[in-house]
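Since the structure of chain A is already known, use the hints to place chains B, C and D on it.
There are 4 protein chains.
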Amino acid sequence: MKTGYNALFIPGPTNMPMRVRRAMDVSLEDMRAPDFPELVTPLLEDVRKVFKSETGQVFIFPGTGTGGWESGISNTLSPGDKVLMSRFGQFSHLWTDMCERFGLDVHCIDVEWGEGVPLEEYERVLKADTRHEIKAVFACQNETATGVTSDIAGVRRALDAANHPALLMVDGVSSIASIDMRMEEWGVDVAVSGSQKGFMLPTGLTIICVSQKALEAHKTAKLPRTYFSWEDMIKLNATGYFPYTPATTLLRGLRESVDMLMEEGLENVFARHHRLAEGVRRAVTDGWGLRLCAAEPKWHSDTVSAIVVPEDADARHVIGRAYERYNLSLGSGLAKVAGRVFRIGHLGWLNEVMLSQALSGAEMAMRDSGIMVEPGSGVGAATEYWRTAAAGSIAQEAE
Amino acid sequence: MKTGYNALFIPGPTNMPMRVRRAMDVSLEDMRAPDFPELVTPLLEDVRKVFKSETGQVFIFPGTGTGGWESGISNTLSPGDKVLMSRFGQFSHLWTDMCERFGLDVHCIDVEWGEGVPLEEYERVLKADTRHEIKAVFACQNETATGVTSDIAGVRRALDAANHPALLMVDGVSSIASIDMRMEEWGVDVAVSGSQKGFMLPTGLTIICVSQKALEAHKTAKLPRTYFSWEDMIKLNATGYFPYTPATTLLRGLRESVDMLMEEGLENVFARHHRLAEGVRRAVTDGWGLRLCAAEPKWHSDTVSAIVVPEDADARHVIGRAYERYNLSLGSGLAKVAGRVFRIGHLGWLNEVMLSQALSGAEMAMRDSGIMVEPGSGVGAATEYWRTAAAGSIAQEAE
Amino acid sequence: MKTGYNALFIPGPTNMPMRVRRAMDVSLEDMRAPDFPELVTPLLEDVRKVFKSETGQVFIFPGTGTGGWESGISNTLSPGDKVLMSRFGQFSHLWTDMCERFGLDVHCIDVEWGEGVPLEEYERVLKADTRHEIKAVFACQNETATGVTSDIAGVRRALDAANHPALLMVDGVSSIASIDMRMEEWGVDVAVSGSQKGFMLPTGLTIICVSQKALEAHKTAKLPRTYFSWEDMIKLNATGYFPYTPATTLLRGLRESVDMLMEEGLENVFARHHRLAEGVRRAVTDGWGLRLCAAEPKWHSDTVSAIVVPEDADARHVIGRAYERYNLSLGSGLAKVAGRVFRIGHLGWLNEVMLSQALSGAEMAMRDSGIMVEPGSGVGAATEYWRTAAAGSIAQEAE
Amino acid sequence: MKTGYNALFIPGPTNMPMRVRRAMDVSLEDMRAPDFPELVTPLLEDVRKVFKSETGQVFIFPGTGTGGWESGISNTLSPGDKVLMSRFGQFSHLWTDMCERFGLDVHCIDVEWGEGVPLEEYERVLKADTRHEIKAVFACQNETATGVTSDIAGVRRALDAANHPALLMVDGVSSIASIDMRMEEWGVDVAVSGSQKGFMLPTGLTIICVSQKALEAHKTAKLPRTYFSWEDMIKLNATGYFPYTPATTLLRGLRESVDMLMEEGLENVFARHHRLAEGVRRAVTDGWGLRLCAAEPKWHSDTVSAIVVPEDADARHVIGRAYERYNLSLGSGLAKVAGRVFRIGHLGWLNEVMLSQALSGAEMAMRDSGIMVEPGSGVGAATEYWRTAAAGSIAQEAE
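Residue numbers (our numbering), protein chains in the order written: chain A, 182 to 580; chain B, 182 to 580; chain C, 182 to 580; chain D, 182 to 580.
The shape of chain A in the complex, shown without the other chains (with noise of 0.2 Å):
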């Protein structure tokens, strides 16, 4: 029998705050009474903050970060369009993937697992596309199967460096509420994420924002949808409303976190993820001597680290042995890199001591799969770089 809590640190579903808890824990209600639109408005206006959107429109759909992915994609193009995108993990992969099922032309850049998005060869790609036959760029802002943040204003800067109209997509499932998206600077024109990431709440609902130019392209694209189609969201939720029946519990639920993002404020909030991974990172290579699946600290994501075993050692040891004896959930290794790496989640509702969990009972399930690092070396390393950046953070308040 299992005792205590479940320690939680893979990269999403994340560990909810007992406020949002309790914000989702309501009644159902009437989707169409006449003071829902005072939850409605406001949440979709406040929602868009967190995307740093000025002008853009923000859209919820029951559904997953890859119903985003896909509201994103059928609402924007057409079939046979030409796409530029770059492979570089699970999840980009998967990307690319659906862009292929919807029958578009895709141009995909396949990159070394641990790197990010390839800005030169981006820019080159699309320096080269005089007609503008690509319709769009993709970039994945977090690849959460290797921990690897891409720089999204660098792709805008390729964008027009090459002074190409693409529409830039951004699939920012890990990183948005977490690190920073700033969608009206960087000129971002579809940015998705989901709810069980940065905003802290269980799988349920697809979160995108996007542009008045993504809005325009809207009008003309011919892919098929339904379900996740922006034309009858944008006359609803005008009223306040929805097409059809909300997720209302979850919509609660994002009030609330939403509430905790802006009280956090959202530079802090930025900040404590880049602190809490700066010690996961200081535990990996300082503390156990071991290194990061992110080939280059530029790449470094500040939600999820991929650490590489030994070569001799089996990572899908150190995830189980973790599970079933400590209690403590860690991210696997996906499809190439499986048994290559474990995964800690440092995104969402956390902090220090919480993360430390995930130290401790790393070196733990390590030693016991022959991992032989020093016990305590990587809490020890994170600890002390927690406490003195802490007290760095306090001498600033003081001045």
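In case anyone wonders, no lab produced these hints; they're calculated from the structure. Hints are not guaranteed to be accurate.
Which copy is meant is left open, because identical chains are indistinguishable; a pair holds if it fits in one copy or across any two.
As the list claims (entries may be wrong) - Calculated lysine-lysine pairs in the DSS-like style (CA-CA distance at most 27 Å, straight line):
hint, residue 1, residue 2
1, LYS263, LYS403
2, LYS183, LYS230
3, LYS233, LYS400
4, LYS517, LYS416
5, LYS233, LYS183
6, LYS394, LYS263
7, LYS403, LYS416
8, LYS230, LYS263
9, LYS517, LYS394
10, LYS394, LYS479
11, LYS479, LYS230
Okay, now just chains B, C and D, sitting in the frame of chain A:
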């Protein structure tokens, strides 16, 4: 300030049982954990029993009933396929509309709102279709807008009489788990439901069951699908997992609600819904002297009653007053019947005493709106029926 | 298998508001945390407002109303002290019994069950007590067993007419926060309540408010007390803490329920209780042709109605049937009135539509028990009163 | 703004299991319902098993452990009775104080804080009491303030060696359900617990178990008691009911927590507490080079460790910093040891990974407070012990 609980008597979402609510109030969990299939595999099996399917396959997506329609259509049909439909309410209307958006060749029979699927007409059309161009026949088992239940066994008989091989697609969103659905016996190929009706959960799950014949059709169906696609589900569900992050809190709730349905016994659940509904109908006709939108007893729905207000009255006023003054949510009249009907949903986790709230509240709201039904007349007619019907059932038990 | 919610219409515990329930669904907390007083200090202050005390002190113990009686008695009186009491129901009986167990010299006036505190008799006794041997006068504001509310202002007048210095002790367990209690104006010295009545919480808190005069008496009171002692509370509460571990989940709930009482406004809360109660009384007398246990309108309780069944009927059967068959909990007749009355509690988080459940359910249970009230007669009498009383209040608002 | 969960490592209240939390999130219920005994009767029976009593009787009051002391004392003793006690921490001190307030003739042996019940001294005093004037011997099984566990079997041996008939009263508030209590075997007459420690519930229940010998003593005991009196409880509990409104939500929680204790197995629960505690002790001594307040290993408590900070440090700073900066609640030093110790509670629903939070957080807070323990040293010492201890237990299982 409104006091007390909102009395929710719309035809879904419903009054969740506290057991279900508690079952969903759980921490998020690792959807790749080794013991996750212990939840998934028996759950899919037991949901199938609710559909009374023996050889079919259940699919559960984060979504809604509308998503279920899309999943059923896009996974079995190809562009230009001819389908036979009928339209007699807002939901059968929207279903037709979806087929048209998918580019199907829709043969739609329009019927008076208040009637159901036109069996003779269906049989006639099917018999005339000697070349079997019609690929699928659609039937809405329960039209939520008008409180009309159609005879699905009759549709099967029509198909058989014509010896027609078309697929039989049934919208059971507001009937399944409340009104009998016998997929196997009636040869239903795709039955669509959602979480927030008879399954007594929040909105957020698309729940469908499909026959082997539908799975066969799926192999050659050409409509595009990604999110709601069956192939990835088939592959992953076989291992007890999902192709993308499932809505675990809702799955935990579904486990509990299916347990409750099994504990009560499906036939008892149906009998209870019938008994409760019949009480409401007695209130409407014997008590208030009003009439139902459903034109004939054979079309009376056991999950929702649409009540026609007198010519000089506006049902919107009744609904508004009920909500604002009495904290009672009644269903509104949609589209064609807006202002002409108000609806009482009587499905899900209900008993006689709970349902009496809808009647006493509706009486007050009607009188406040100038519809001078006798105070207590509806409640009295219903309770006396329930009381004696119950006594009857108790007498039976004693035999 | 019982289906649907249990309709809880006993005179406490009550139907908790979901807001309160959620407020209590929290992790446990450190009762010595530096910010714990941020909960405690304003809460004690605001609870005092519910008692309408300006100079008194509130004490909250993990306990019940019975514990409140003990706390009030043992902290202000000494063995052998003479006290004036009256007995007219099960709870005033038990209170008397407690005083006797404490070795007090109890002068108890027995009154017919159905009547309240005998004001003239009190005045006579007090005037006769020229040597002021009576140290305390006890008055049960609301006798829960018979549905009788007594006139506390009248008891004060009796004391004043006799110019008597005795303490005034009031049992307000089933009245406070539902029926007006004016500690300051009426010169009440100890008022006792519990969490599970007007405060809309689970059982588990003893809530009392005491005057400065009672605190003065406390200094010389000789009855033994430890757990319910005031001195340690006074000392620790002044710092925002408690002498022993407080029931933090209930305190969080109390914070929410007091917020709700304030938001609605105490006078509105009282008016609502009166309006709801009056509807029930109309149902009993005008609808069913039965009578209340409370002998005169001046004694009608706004929190509970005890309904006398016909001579040849047994109220226990009504109650049993209501529970077993209709999932409705009615209050039973206690001691002397067992079998003669059933009780409907109408206090706490209620509205008209909710309360109609008790009436429709009682009608069914009575008819099943051979008490052939007209079906719908009680509900109709109540709803018509509520409807027009509400209209009146709306008319007033419009002026 | 604090982020993440508060890590609660005070020695009670504890981290409630979610199962228990859900079990308490129920509607209020009729405590006079015909099926209420189905909850009460088996619950009292099963709680008795936790005390390892075979012939005793369990009493449950809305209250706390302090109320349990009062109940035990007032129901078995008479004014002026001589009792033997020992004092070596804040809680044994308060217990002594309560006996004095009750007017008992307290023979109290003061022992150094850090030691436990002085067995030889007890034996000496009991042997000297040849006239058996001592009516009861008190022993605090677990002194929460110092983290000292006393040897109750040893106290029984002392009584037996003196052939003394005194009652044996045990304070097991912070031990029962976490540390072995064998009422029957050790001849304990009154054992006192509360809900918020080993029972893993919120504060709010007094839980005591008393022997037949105590029930016999009760018949002649003269101390006054009303609320915490046994006689009414005995009478009503026999029918499955309570003399006054019970705290039903907590009873539902207790049902669940007792179920969990039974599922895990009491011996496994004790072994787990020991293993977790031993890890903390390794952290303190081997990792940090500090010492425990408990003076000898035989007094090491498996539910709480009081850690002595270096002479030049202030434990209050560590505790304050842990709470304010790291959202970690540590127990403070009470009375004599204020500022000298901080405490880590390690009881209830815990596992290794959860408990590592207390260690990593304490390390950060100590270093921030100038106590320069090696980063990771405590966590490393604990985890390595846990890991190998666990391996050992697994090895055993395999045999």
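Query raised in the report: Which of the listed hints are not met by the structure?
Result: 8, 9 and 10
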